[in-house]
Structure formats: C-alpha cells, structure tokens
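Below are the chains, spelled out letter by letter.
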Amino acid sequence: MKQAKKSEHESQQLPDKKSSTPGQGKTPKLKKGPSLIDLLVPYKKWIYILIFLSFVSNGLNLILPKLVANSIDNYQAGTFVLNTVILEFSAAAICVFAFAVLQSIVQNYTAEVVAKNLRQELAAKISRQSTEYIQQITPGRLLTNLTSDIDSIKQFVSLAVVSIVSSVVLIVGSSIMLLLIEWKLAIVVLTVIPIIGITFFVVLKKVRAFFGESRLVIDWLNKVINESILGAALIRVLNSQNKEHKKFLDANTKAKDIGLSILKLFAGLIPLITFVAGMANIAILLLGGYFVINNEMTLGGLAAFNSYLLIFIFPILILGFMSNIIAHASASYARVGEMISAEEKKDTGTITKKLHGDIDIKNITVNYGEKPVLKNVTLSIKSGKKTAIIGPTAAGKTQLLYLLVGLFNPNSGTIEYDGKNLNEYVKSSLHNQIGFVFQDSIIFNMSLRENIAFSDTVTDKDLKKAIDTAELQDFINALPDKLNTIVSERGTSLSGGQKQRIMLARALALNPKILLLDDFTARVDRQTEQKILNNIHKNYPDITLISVTQKISSVEHYDQIILLMEGEVLAAGKHQELLKTSPEYVQIHNSQQSTNHYELRS
Amino acid sequence: MNYALNTTTSRKTDGTGLMSAIKAFLPLLKDEKMKMVIAFIAILINSSMNLLAPVAVGYAIDTFIQSHDYDGVIKFSGLLFIMYAVSLVASYIQTKTMGGVGQRTLFNLRNAVFNKLQDLPVSFFNQNKAGDLISRINNDTDKLNQFFSHALLQFVNNAFMILGAGIFILYLNIRLGGATLLPAEALLVFTVAISGYVKRKNALSLESTGSMSSEIQESLNNFKVIVAFNRRDYFRKKFNEVNEKNYKASMQAGIVNTVFLLPLYGLISASAQLIVLALGIYLISIGQFSVGLLITFLTFVSRFYDPLRQIASLWAQFQVAVAAWDRITDILSMKTDLVVLPESKIVKHQPQGKLPNSILEFQNVHFGYTEGQEILHNVSLNLQYGKTYALVGPTGGGKTTTASLMARLYDPVEGTIFFNGKDIRSYKPAERTQKIGFILQEPFLFTGTVKDNILYGNEEYQNHTSEQLYEVLKKEQLEDLIVRFEKGLDTEVSGSGETISLGQKQLIAFIRAVLRKPELLILDEATANIDTVTEQLLEGILQKLPKTTTRVIIAHRLNTIENANEIFFVNSGQITRAGSFKHAVEMLMHGKRDS
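Heads up: the sequence lines are chains V and L, in that order.
At position 313 of the first sequence the residue is numbered 313 (my numbering), and the sequence of numbers has no breaks.
At position 458 of the second sequence the residue is numbered 458 (my numbering), and the sequence of numbers has no breaks.
Hints are computed from structural coordinates only; laboratory data are not their basis.
Far from chain V, by Cβ distances over 12 Å, these chain L residues were calculated:
1. K23
2. F40
3. I167
4. G178
5. A179
6. L181
7. V189
8. K387
9. D423
10. L545
BS3-like, lysine-lysine: derived pairs with alpha carbons at most 25 Å apart:
11. L/K248 / V/K125
12. L/K30 / V/K246
13. V/K184 / L/K75
14. V/K256 / L/K116
15. L/K238 / V/K346
16. V/K243 / L/K517
17. V/K256 / L/K23
18. V/K264 / L/K30
19. V/K243 / L/K335
20. V/K482 / L/K238
21. L/K116 / V/K254
22. L/K33 / V/K264
23. V/K246 / L/K335
24. L/K245 / V/K125
25. L/K487 / V/K375
26. L/K35 / V/K264
27. L/K238 / V/K427
28. L/K428 / V/K247
29. L/K237 / V/K427
30. V/K243 / L/K435
31. V/K531 / L/K582
32. L/K248 / V/K116
33. L/K30 / V/K256
34. V/K223 / L/K487
35. V/K116 / L/K245
36. V/K247 / L/K116
37. V/K256 / L/K33
All values derive from a computational prediction rather than experimental measurement.
The beta-carbon is built from N, C-alpha and C at its ideal position, and this holds for glycine as well.
Please work from the sequences and hints to get the whole structure.
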C-alpha cells in the first residue's frame with residue numbers, strides 16, 4: 001500500500017519535472033494484459049460481418065473506375081452502349097451504398113456494445129473491490145478508466161477495424177488492378193508504399209512519446225479543474241482565483257506546447273506523402289505516356305491508372321493514422337485490463353448468524369506511511385454496552401471504526417465478533433448488523449427515502465423508527481415532497497446537522513445490533529443530541545454502541561471510556577475511574593469543565 | 001439567480017444555432033489574423049497546385065501523348081515536379097500555421113472557460129453537479145480539441161479544394177460542370193436539413209456522458225458508505241442505468257453521424273461520375289469535348305467529391321464540436337450576480353440604533369437560496385470591533401447561511417449588509433476577502449503539502465521557505481498545531497485522501513485563516529472535529545488576535561462559545577440576541593424550534 005502511494009505521488013509530480021519521460025511512470029510494473037484482439041473475441045460474429053460488409057462495399061467501389069475506363073475504351077473502339085453502362089454503374093453504386101449503410105450500422109452497434117459491456121464489466125469489478133483499493137487507485141483514475149480509456153477503445157472498434165480492413169482491401173485491390181493494367185508501370189508506382197510506410201513509422205514513433213506526455217498533462221489539467229470545482233467555496237472566501245488561474249495556466253501552457261510539438265512533427269508528414277504521391281503521378285505520366293505512345297497501353301488504361309493511384313494513396317494515410325488509434329487504444333485497454341484483472345479480495349467468510357454483540361480487538365497495529373496509526377490496540381466491548389472513544393485529533397479513532405467494519409485491514413492483530421474472527425463472517429451479513437455513522441456527511445443524489453433506506457433490507461417499519469429516532473420527522477414533514485424529496489449530490493441544500501441526522505437514520509434503518517458513531521455530536525445541537533441519544537436508548541435498547549466523540553459530558557455514564565492518543569490506548573475504564581487514574585483524561589475533562597454545569601442540567 | 005446548467009439545455013439546437021456559435025467563437029481568433037492570412041495564402045497556393053496538376057496531366061495526355069510527342073511529356077513532367085514541390089512547401093506552411101492557430105485557440109478557450117468558472121459565485125457550484133462540470137470542461141473541450149487539432153485544418157483545406165474544383169469544372173465546360181455539381185447541391189440541401197437533428201443527437205450523447213461521469217464521481221467518492229451498507233449492487237445498478245442510457249444516446253449519435261453521410265456521399269459521388277461519363281461521351285460524340293478532357297474531368301469529379309466525402313466525415317466531428325461548444329457556452333454565458341457595485345448604486349449607510357463603531361451590520365436582510373423559499377426573514381444585527389459573537393441554534397436554522405452572507409458568498413434578496421459602514425457590495429473582492437476571514441464548515445485541501453495549503457491564497461508569506469514559515473508560525477504561536485502532522489509543514493496531503501483526518505483538515509483551515517489577519521473572522525463549526533484540549537489552544541490563539549479583530553463563532557459545544565461577548569440565537573430564519581450566556585443556553589435547550 002505504501003509503495004502504491006509513493007508511485008502515485010511521483011506520477012502526480014511528473015508534469016512539473018522538465019525531464020519527465022512519459023509513459024514510464026507506471027508502465028514498468030504493468031502486467032502483460034490481454035491484447036485488443038482478445039477483447040474482440042466474444043464479438044467475433046459481428047467483426048466477421050463487419051469485415052465481410054466492408055470487403056464487399058470496398059471491393060465494389062474498386063469496380064467503378066474500371067467501368068469508367070472500359071466505357072472510354074469501348075467508346076474509342078466504337079462498342080459503347082450507354083444503357084448497359086448506366087445499368088452496370090448504377091447497380092454497382094447502389095450496392096456500394098447499401099453495403100456501406102449496413103456497414104456503418106453494424107460498426108456503430110459493435111463499437112457501442114463493446115464499450116458498454118466493457119464499462120459494465122469494469123464497474124462490476126470495481127464494485128467488488130475494497131474501499132482501501134479504491135482509495136489507493138484513486139477515484140479519479142477509475143473515472144478516466146471508465147470514460148476516456150473506454151472511449152478510445154470504442155474508437156478503435158468503430159474506426160480502426162473497418163478502416164484497416166477497407167484500407168487493406170483498397171490497397172491490395174487497386175494494386176492488383178494496377179498490375180493487371182500494366183505490371184511494369186504498376187511496380188514503379190507501388191514503390192511509394194514502402195516510402196510512405198517508413199516515413200509514417202519514423203514520425204509516429206516520435207509523436208507517440210509526445211502523446212504519452214500529453215496524457216499526463218491532461219491528467220494534471222483535470223486535477224486543477226477538479227480541485228477548483230470542489231474547493232470553489234474556499235477559493236471564493238480567500239479570493240484566490242488568480243492563484244487557481246496561474247496553476248491552470250501552467251498546465252494549459254504545457255498542454256499547448258506539447259500540442260505544438262506534435263503539430264511540428266505532423267505538419268511535415270502529410271505534405272511529404274502528398275509529394276511522394278505526386279512523384280508517382282509523374283512516373284505514370286512519364287512511363288505511362290511512353291507505353292501509350294508505343295502502343296503498349298491504352299489511353300483508358302492510363303486514365304484508370306490515375307484514378308487507382310488516388311484510391312490507393314488515401315488508404316495508406318488511413319493505415320498510418322489508424323496505427324495511432326491502435327496505439328492509443330492498446331494503452332487504454334492495458335490500463336482497463338489491469339483494473340479488470342486486478343486481484344479481488346474474496347469474501348472467505350461463512351458465518352451468517354445473528355450477532356450477539358461482543359467485540360474483541362486484539363493487538364491491532366495499523367501503519368500508514370511511516371507512522372503507525374494504531375499501535376497494538378487491545379479492547380473488549382460487551383454486548384449491549386456503551387463505549388466511548390475519545391482522544392485528540394489524528395489519534396486513530398476513525399481508523400479504529402473503519403477496522404471494525406472491515407473497510408481497512410490491520411497490518412497485524414485480529415478483530416473478533418462473539419469470539420469469531422471478523423474474516424470468518426460473510427461481510428454482507430456483518431454489514432447488515434452494524435450501523436456506521438460516518439464523520440463526513442455523505443448524501444447521495446436521490447430521494448430522502450432512498451438515502452435513508454439505503455440498504456435494500458430496510459422495511460417500512462424500520463425506516464419509520466429510524467426517522468423518529470434521528471428526530472427527522474418534523475424536518476421531513478416540512479418538505480414539499482416529504483420522503484420523496486430529492487436531495488442534491490453534495491448535500492448543499494441541507495445543513496450540516498441535517499446531513500448528519502440523515503446519516504444516523506441511514507445507519508439505524510438497518511435495525512443494527514451494533515452502532516458506530518464517528519463524532520456524531522459534532523454538528524448536532526445539544527438539545528437534539530440529547531433527544532436522539534435518549535431515542536436510541538429507548539428504541540434500540542439492546543444495541544451495542546461505540547461512539548467516537550470529543551464531549552466527555554455526553555459519555556460520562558457510559559460503561560467504558562477509552563482514551564486513544566497517537567494510536568495507543570492510554571486508559572480505559574468508567575468516567576470516575578479515569579478521573580482518578582489518567583492525568584491525560586483529567587486534562588481533557590478540565591478543558592470541558594467550565595460549561596459542564598449547563599450541560600448537566602439537561 | 002438560476003445557475004443550473006442542465007435545465008437550459010433544451011435550447012437553440014436548430015440549424016441557426018450554427019451561425020451564432022461561429023459568431024461567439026470569432027473573438028477567440030482575434031489575435032490570429034496575421035497567421036490566418038498566411039495560412040490562407042498557403043492554402044490558396046496549395047489548392048491551386050493540387051487543382052492544376054491534374055489539368056496539366058490531362059493537357060499532357062491530350063497534346064503530347066495522343067500526338068506521340070515524348071519530349072513534351074518530359075518537359076511537362078518537369079513542370080509537374082515544380083508544382084508538386086511548391087505544393088509541398090505551401091502545405092507544410094499551411095498545416096503548421098493553421099495547426100498553431102488551432103492549438104492557441106484551444107488554449108484561449110480553456111483559459112476563458114476556467115476564468116469564467118473562477119468568476120462565478122458559490123451558488124453556481126451548489127446548483128450544478130461537480131461531475132457534470134468536470135465533464136463539460138474536460139470532455140467537451142477535448143471534443144473541441146480533436147476538432148481543432150485534426151479536423152479544422154482538413155476542413156478548411158477540403159473546402160478550398162471543393163471550391164477550386166467546382167470553379168474549374170464549371171470553367172472547363174459549363175454544361176457538363178453544372179450537371180456534375182447537381183448531385184452535390186441536392187446533398188447540400190439534405191445536409192442542412194438534417195443538421196439540427198444530428199446536432200441534437202450529439203448534444204444528448206454528450207449530456208449522457210456528463211451524467212455518467214457524475215454518477216461515477218458520486219459513487220466512487222462515497223465508496224465506503226456503499227461498502228458499509230452492503231450496497232455494492234447499488235453502484236452497479238446505478239452505473240448500469242447511466243451506462244445503458246449513454247449507450248443508447250451514443251449509438252444514436254454515432255449512427256446519424258455516419259449512416260446519413262458517408263454512404264450517401266459515396267452514392268452521390270458515383271452518380272456524379274455517371275453523369276459525367278454519359279454526358280461527356282455524348283458531348284464527345286457531337287464533337288464538343290475530347291477524350292483527354294473527359295479524363296481530366298473525371299479526375300476533377302473525384303477532386304470535387306472526395307474532399308466532399310472527407311468533409312462529410314469531418315462534419316460529424318464538427319457537429320460534435322458544435323454540441324460541445326454549446327455546452328461550453330452555457331458556462332461562458334453565465335454571469336455572476338455578485339458584482340462590485342459602483343458608488344452610484346450602493347445603499348448609503350443609515351445608522352440604526354446607537355452603535356457607532358460597528359464593523360458589520362445587517363439591515364432588514366431577507367435571503368433564500370431558491371425563489372419562494374426564504375431562509376432568513378428580515379434579519380437585523382450589528383457587530384462591533386474587537387468583540388466575539390457566537391451564533392447558536394438548532395441545525396438547519398440558518399447559521400451557516402448567515403455566516404455566508406457576512407462573507408458575501410451570496411447577496412441578500414432584500415435588505416443591505418454594511419461592512420465598516422459601507423455597503424458590502426462596494427468592496428473589491430481582494431479587499432473584502434482580506435478583511436473578512438471565513439473558515440468553512442467543510443474543509444477542503446488542495447493536493448500538495450501542509451505548507452502549500454496554509455499559504456494558499458496568502459500573498460504575504462507566499463515565498464517563505466518551510467523554515468521561514470515555521471518562524472512566522474512560532475511568532476503567532478501556531479507552531480504547536482504543526483506537530484500534529486507526520487512530517488510537519490512538508491506533510492503531503494490530497495483533496496480526497498483518507499490519510500488526513502477531518503480534525504487535521506480543520507487545523508489547516510484555522511491556521512490559514514488566522515495567518516491572514518482578518519478584521520472579521522468567521523468560524524463555521526470550524527473546530528467541530530478537533531479535540532477539546534487542542535481547541536483550548538485554538539481558543540488562546542483567537543484571544544491573542546489584535547484587539548480590533550471581531551470574531552463570529554458558530555459552534556455546538558458550549559465551551560467553545562462561553563467566552564463570547566454576545567450570543568445570537570438563530571432559529572427558523574430569525575436571529576434573536578440572547579441577554580446572557582445563560583439565556584442563550586436556555587433558548588438552545590428549551591426554546592421553540594422547527595428545523
């Protein structure tokens with residue numbers, strides 16, 4: 001985990017470093033992923049149809065100049081019949097059209113289906129991963145995988161497959177035609193293929209390096225944009241728009257510079273190729289002219305030569321550009337494939353029985369970077385009892401709760417529920433019995449009902465009880481659409497306290513055996529807090545409660561208070577005991593003492 | 001003010017939108033006139049060479065080959081070589097110049113969008129989903145990028161080719177030429193007719209990409225909830241829904257982009273060839289045309305219809321670009337309503353009551369985020385220099401809203417807020433934000449170090465090294481807070497990571513705000529997740545701020561607010577002054593409430 005973090009930082013800094021060698025950031029550790037061809041295997045039926053269609057439509061396309069040439073020759077020979085020509089030509093043209101239409105439909109369909117299924121597969125894979133993994137890979141990277149990476153694969157399927165087939169058909173076909181008309185001239189003309197091919201190869205090799213770099217710059221650009229959107233309020237409070245703009249300008253300038261470097265390479269490419277094609281034209285004129293003058297070739301043949309040359313240069317260009325799309329797509333598919341084939345932690349648990357509620361934390365150690373977050377923590381929590389965890393900022397309180405639901409795994413030590421290791425339980429069964437109220441407010445962009453009855457096991461009765469316990473009934477009643485009101489993504493239409501109460505109701509709606517509160521009281525006013533805690537006591541009498549908190553007064557009567565500092569359990573016991581035994585506890589207590597007489601009254 | 005982007009999308013998607021899109025686009029090109037002229041000259045030369053070359057070939061066939069004059073053929077080949085060489089140089093210049101124009105325009109466009117984003121008020125970000133905004137800026141500008149870096153050049157180039165070839169065809173033989181161009185005209189009519197439809201389909205496809213990206217963003221950022229509540233299927237289900245939608249929209253767009261065009265253009269091109277062939281042979285038979293000319297003409301038909309076919313494939317890209325451009329102009333056309341008011345428009349301060357040296361005053365302020373839903377009703381309050389005020393009250397009562405109005409994140413719907421006796425709307429943002437510090441309820445960190453985040457937006461210490469900054473912090477007695485970070489000021493943090501706790505984020509926000517030495521410091525539950533011992537430390541720091549500094553504190557913990565000089569009770573849009581701390585507690589504990 002530490003390693004991954006590190007390399008992530010390195011890659012984040014890459015754009016700043018002048019000496020960045022693109023593409024090297026992550027690729028070395030890349031497992032040899034499946035190739036793009038493997039991706040297409042399940043769709044081979046469609047690919048064959050596609051190849052067939054483009055084969056036919058392009059093959060027919062090749063006949064058209066021949067028909068024209070024949071008519072000219074026929075006319076000169078005096079055997080020209082207009083109706084036959086019109087009939088033949090129209091039939092060919094209409095066939096080309098029909099096949100081309102079919103081809104574009106199949107082409108689009110195949111590409112979109114491949115993209116859709118790949119997205120679905122990747123999303124399903126992601127959905128089975130651990131939170132730790134998502135954090136480590138970063139949501140941003142997964143977003144890129146699901147959107148732009150799959151888009152470039154889609155582009156490959158929709159453009160490259162057909163283009164490659166039709167280009168090859170056109171090149172081979174027109175070469176054969178050229179050879180049939182006059183093989184000596186054809187051989188001269190065909191020498192342009194290796195010349196153009198080599199030019200492309202050299203230029204694209206250089207360009208690809210820039211493409212890698214440009215991807216990194218785009219990532220950088222996106223990061224600046226994302227942070228400027230997510231931190232919009234802060235930026236406005238500090239009036240730091242200029243600073244954001246400067247950051248953006250740096251990234252944007254770099255993007256422009258790379259764009260211009262790519263351009264510099266490309267600018268020469270097409271003119272050069274057109275020039276080579278021009279040379280072929282001159283060769284046709286010189287040699288072809290010579291042949292016609294010497295009656296070794298017909299005038300119609302010369303006209304056809306010119307037409308076929310045009311048909312034949314263009315696909316070479318296309319092939320060149322496709323090699324680029326293929327390169328892009330393979331890189332993207334390698335990234336996507338890496339995610340899809342990533343190891344997923346199998347849920348090896350077998351126990352699904354109802355929890356009694358005893359929790360044993362044994363010798364837990366968690367390292368985060370170089371610093372241990374939790375050091376050899378051992379705790380025992382009895383069913384139905386109330387436990388508070390207090391301690392300074394960054395003491396490891398939240399991490400401890402995360403461990404309890406298996407969001408993260410400890411470096412060493414075990415967690416046991418009712419004497420059985422956490423890993424022996426089927427995770428979903430465990431999660432259905434543990435309600436977790438997170439510290440940060442997380443509200444999904446859907447109705448309040450769906451937000452609260454977030455788990456699919458919630459019954460209407462449980463929902464009602466949860467809402468009442470969280471003191472949300474009045475708030476909901478005041479809303480125009482009641483429970484069906486859609487709340488917004490970042491929950492900006494709700495106050496901090498409302499969000500937190502919704503989070504509580506969400507946890508309680510599970511009708512949990514164990515309730516984990518992470519600093520729940522921080523954003524809820526005193527009166528509401530009291531009511532809610534009383535409600536919990538009344539409505540969920542047997543619940544095992546673990547509450548991370550800063551306020552001693554709310555937990556004085558708890559069965560156990562644990563003082564956590566810098567990842568270590570400094571003291572554990574009842575309030576009165578701790579007051580006698582732990583100087584640190586006394587210090588915290590004193591820091592809250594002055595107003596306690598007010599709080600105690602309630 | 002309505003800043004919601006997606007409600008405005010059912011707009012000008014007809015063909016006429018194109019012209020206005022181009023018009024809106026022109027200012028971005030204003031510094032490129034010189035380059036454009038050079039590029040156009042190069043294009044002109046290149047296209048004429050491209051057009052003349054087949055004429056020369058046709059002429060050579062007619063005059064030299066048919067008359068068996070091989071010397072003439074060789075001479076003509078020399079001429080052709082020169083033409084191709086000129087064209088080589090011209091097309092290099094053209095590609096490079098136009099490409100440069102494209103890259104710089106994209107650069108300007110991105111800057112324009114980003115600047116606009118920075119101009120817009122917080123409301124804009126509240127009303128739009130982050131994922132959708134990100135998709136607009138990343139994905140949609142990229143669509144424009146693709147158009148600029150590849151398509152635009154070919155577009156211009158092909159347009160010239162078509163124009164030149166068209167003129168030439170007509171010049172060679174007006175009757176045959178006219179007949180040749182007929183299918184193209186029919187095609188033009190058809191293309192214009194379906195333009196609006198195609199653009200609409202592309203707009204829908206981009207929109208679905210935007211909502212897919214919002215969905216992914218939301219689910220992945222909140223993944224721990226999805227796991228802890230056993231709703232991995234929720235992510236899958238929601239994703240599959242948007243994926244299916246995206247698939248449909250994207251397929252429809254793809255089909256209209258390609259099916260209508262490429263095959264159709266092939267057919268049209270073929271019929272043009274047939275017309276030339278039939279009519280040409282007829283003209284030859286009545287002695288008005290030559291075989292050499294017919295061969296040239298046929299080449300020109302390809303010269304006319306091939307670029308047309310290319311334009312057809314670019315046209316799809318162009319429609320995508322126009323749809324993307326529309327989505328970007330949605331943002332660019334947004335106007336902030338939080339402008340600095342000129343002297344003439346500001347409300348003159350008329351002191352109410354007997355408090356002369358007030359730093360901040362609300363006079364009959366009404367406010368609501370959306371029309372018709374008022375959050376604050378007729379609020380008046382007065383804050384004095386050097387005092388500490390606390391805002392208390394039940395959740396959802398309007399505390400954060402009040403604080404946001406104090407910092408002018410929003411303007412009141414009615415009534416006026418005075419800062420130092422002047423309408424708060426008359427202050428330039430730089431001055432206002434320097435004087436008013438606001439620690440937000442949800443702390444946000446930029447990717448970087450703790451130091452970067454502390455100095456974020458701080459001009460004074462911007463260039464300090466870690467050591468120098470540490471000295472400054474020591475002087476301000478803030479150094480104890482830095483100890484809580486693994487590597488002190490150089491600890492790496494990121495916006496979304498779990499490596500740093502909420503309390504630590506709040507510490508950074510606190511240090512950042514205090515270092516700016518504001519006249520008015522607003523703390524919106526700024527220490528809610530910080531332990532009480534550390535909080536006492538913060539309390540001490542707040543006490544030591546200059547005598548004239550006014551503090552506004554929103555908190556639920558009573559000891560956080562017990563030192564306040566005055567307490568305001570905020571509930572259901574009303575702000576009541578509490579007579580004493582005890583009175584405030586009384587109201588808080590037992591007061592009437594509805595939230």
